[in-house]
Amino acid sequence: MNGKKLTSPPAGLRLPQAPSHAYGEGCESGFLAMPEKPISLPPLHVVERGAGGVRLAAILALVLSMINCTGELPLSDLVNNTITLKVLGTYESNDSYSTVTLQKDDIISGTGITNASPALGTGTDIYKYITGTPNAAATNGLEDMPSRIKYYIDIAEIRMARGQGKSSSQSISDYWSQFAISRQLMCSSYDSADGRGLSNCSESAGIDRLNAFFNGGFTYPAVDVPSGSFNHLGIYFRRFATYPAARFRGDGTYNDGANNATTDSTVSENTMTTAFDNRTLYGIDIESFLQNAYGATNAEPLMFPLQRKDLALNIYNDHEPYVLEVRMFIKNAMMIHVIQNTGTVTPPADPTNSAFVYVAPADWNGNHAYQDLTNSLRQGGAIAMTARTYQPAKVGSINMSATAAGSYFAVQPAGTTYTTPVTTIPLAATAGTNTTITNLQPGSYDVYRMCDKTYCSTASTPGTCDNSTAGTDGFPETASLCTGGPYIVTTGTTTNVIVTNCNASCP
Amino acid sequence: MRRIVLFKGFIPLVLSLAVSTTAVYSQVETEAWRFKPQIGVWFGPVTPVPGSKLSEVLTTSLGGGMFLRGNLPTNTLRTEIGASYSYYTSRTVARLHSIPVYGALVYTLPINLPLSFHIKGGAGGNFLRNYPEGAKNWLPMGYAGFETSFPAGRLVNIGVRADYYFVYEQHLSPPANNPNYQIYNGHFLNFGLMVNFNLSR
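Protein chains in written order, with my numbering: chain U, 53 to 559; chain G, 41 to 241.
FYI, nobody ran anything at the bench for these hints, they're computed from the structure.
Please note that the accuracy of each hint is not assured.
[Stated by the list, open to error] Covered stretches of chain G (in silico footprint by chain U; criterion: 3 or more residues with CB under 8 angstroms from a CB of chain U, positions within the stretch not fixed):
1) 96-109
2) 171-180
[What the hints assert, rightly or not] Covered stretches of chain G (in silico footprint by chain U; criterion: 3 or more residues with CB under 8 angstroms from a CB of chain U, positions within the stretch not fixed):
3) 132-140
4) 203-217
5) 221-232
[As the list claims (entries may be wrong)] Here are the computed lysine to any residue pairs in the SDA-like style, where the Cα-Cα straight-line distance is at most 25 angstroms:
6) U:Lys446 x G:Asn220
7) G:Lys176 x U:Asn369
8) G:Lys176 x U:Glu372
All residues carry an ideal CB built from backbone N, CA and C; glycine is no exception.
With the sequences and hints as input, model every part of the structure.
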């Protein structure tokens, strides 16, 4: 019976020939609109055996006359979900940059690792591992090979709520709508360090899911939620690991895991292991780095959930399908970091003073230094996220008159404050190499050209990331409003924007 | 000729019929306990039939109900009317309230044991209300059941019962603005511990 459409009731079951009502159509008779007038029943003979059959028929007739009162489908509604939960790992809501760029922390300068003591110059293994120059023997540096980066992401669930957080008197299900509870695994490879493979990721096609995550989004299994407006959305990360990561000794040479020097970078990379999908793999767990903001110990871990409480998610109260789009800025926001997390042994060049090179989201929101034993593992807030809803049958689009490679085109609801330096990602966006922003619910929008002009460094104004000298971090913090707006989007139409109106702040 | 006045709602109707049926059959003379008019209650686990579409959403829950039995001029058949209430939850936000109301014929299997075995078949209507959509409706319903019980004295019988409900929703039309909407029928199982009382001695 599962999934099979019946055209008639099962044999032997006589059902009434009820009129077919359109969905949601009211009815004039039946249980909820039953007239309060006496209803005649067949005569009841007190001692007559056999009256039960007549009585039964009368009862059944009454019950069956009450069917289909509303035309609504209380069972099928539970199965047919109008929501499509689309999850993206890009700044762009459509047509993301096809090429992957990898940023490099500003402490990896042209002369070595800034602030390293002892000095780690361009001739050290740690520097050559990153840049490949000037003494690259046979391979390029990591910065030249973004295709080497592997992602391992495990999302436990996504929740929505109305409010500013669960109070202590509320249960989880009282506060949160747990509408997407299927764990989703994404991985760049099914290989594990122990040779057993990532079976769960493999069985759920995690490579394909990761590819979709970075190219248009994958559909997260979800069920409908009550209609209305939600402001709070949380994404529960169980794990976020990246590969490669490499371990070095205090003097900048490759570390074989026992603090002996080695010349083999693979040996050094293989000393860095973490757990994912109940297996050990090569790489580093960066989720733990992202739980606490720089200089803080957060009461709520920042990745469990990765959340925002200021969203405007309108859940539509009809049966028209809609999309809930959740975006996290991960693709093209990754950066090569280098830290020394043990530096207490004298002399500083002692082999046991280990340093690590790894790949994680850029430090666009708080400077990340080499020898910062207190805060070097606190990069929380580096992943920006947003969410929105739209009904595919009603959307329109915005068309830019020209491309602007390196930038993004973004839209925000008209009147939203969105000024440099921006710290959130916009309602919708597309890569500057593309000209169309699609899937916009009808409404009034401000259009921006977004570009990346500053980064965090020790030269920044304290507490900010406003260094604009020779470097970027991948996060487009500069918002250049396209004049001539706000721009009106209507169903099925394309609204044109002249790109030269958007260049005031962006090159 | 006798008139029964319906007040608001169906439950008063069931209750009033139950009372009148009791009055009728209290005068039926029989020696066998199993042929006495009975009123009973049950409670126990309720679940969508495993493998059915709704079982992918709803989880097993607890339900309970009541029923009333009358006699027919035969030693093996009786009538039963019953109603119950089930509240199904899920691992997500989906919820379902269900009130099936049915009438059935009860056939007593000719097995000569202290235990009495019955199979039942009938039909009725099922009021359903879901969450989060809030859709509600009465749907036609087919019913099949099995039960076994034994007497605990002259007044009380104790037993277990299993009920299957086929809830027919596919006669309805899908919403016009959702072309991918699929309509599914409901299949539910109830299992109950049961106590019923003989209404005459």
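Indices of hints not satisfied (ascending)
none
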